[in-house]
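Visitor: Construct the entire structure; sequences and hints are all you get.
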Amino acid sequence: MAKRRAFLAGGLAACALCGTALAQAAPPITGGEVAGDWMLKITPAERQDLNISFKSKSGNQLDFPLTVTPQPRGRLSCVLDGDPADCRIRDGKLVVVMASGGVRMTFTLTGRSRGGFQGDASLRVRLLPIGGHIGAVTMARRS
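Read left to right, the sequence shown gives residues -25 to -1, 1 to 118 (mature numbering (1 follows the signal peptide of the UniProt record, and there is no 0)).
Calculated directly from the structure, the hints in this document are not laboratory data.
Don't take every hint at face value.
Distance ranges between label pairs, derived from CB positions [claimed, not checked]:
hint	residue 1	residue 2	range
1	Arg50	Ile105	25 to 33 Å
2	Pro2	Arg101	30 to 38 Å
3	Gly67	Asp12	18 to 26 Å
4	Thr18	Ile105	19 to 27 Å
5	Ser118	Gly77	32 to 40 Å
Every residue gets a Cβ at the ideal spot worked out from N, C-alpha and C, and that includes glycine.
Guide: Listed below in structure tokens is the structure:
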């Protein structure tokens, strides 16, 4: 019985170390990878306390055009849905912020997906206790 426990504990430790190594093996997102024309596609989270809907200037409900242009010293310039947006690579993640009035939507792309990147969307409303995670976001090349 003691041998089984030791074997099981060793196997679990090996799996944990392997999973950690694989997670660390994924290279961080770089500015060169994200340069170009993209489409941000939002999948709203299912929340009982909040009804979430989006609409871009073009009328698309869940798709926002994004253009990322590299700038000197590793900076990025972004245009999201026709308006300038704050964007930067932080800790190997692409963070795109769209602000309008007192509302601020933040798209944090943390991983790679087939043909692009994926991550989370969050919302904050200034001076109100409204906000938090509002869904998932994928970033795919525009065709």
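Visitor: Evaluate each hint against the coordinates.
Guide: Now the hints, each set against the structure:
1. The given range of 25 to 33 Å is respected by Arg50 and Ile105, whose C-beta atoms sit roughly 31 Å from each other.
2. For Pro2 and Arg101, the hinted distance range of 30 to 38 Å is satisfied, since their beta carbons lie about 35 Å from each other.
3. The hinted window of 18 to 26 Å between Gly67 and Asp12 holds, with their beta carbons roughly 22 Å apart.
4. Distance hint check for Thr18 and Ile105: the Cβ-Cβ separation is about 20 Å, which falls inside the suggested range of 19 to 27 Å.
5. Roughly 35 Å separates the CB atoms of Ser118 and Gly77, a value that falls within the hinted 32 to 40 Å.
In terms of the numbered hints stated before, the structure departs from none.
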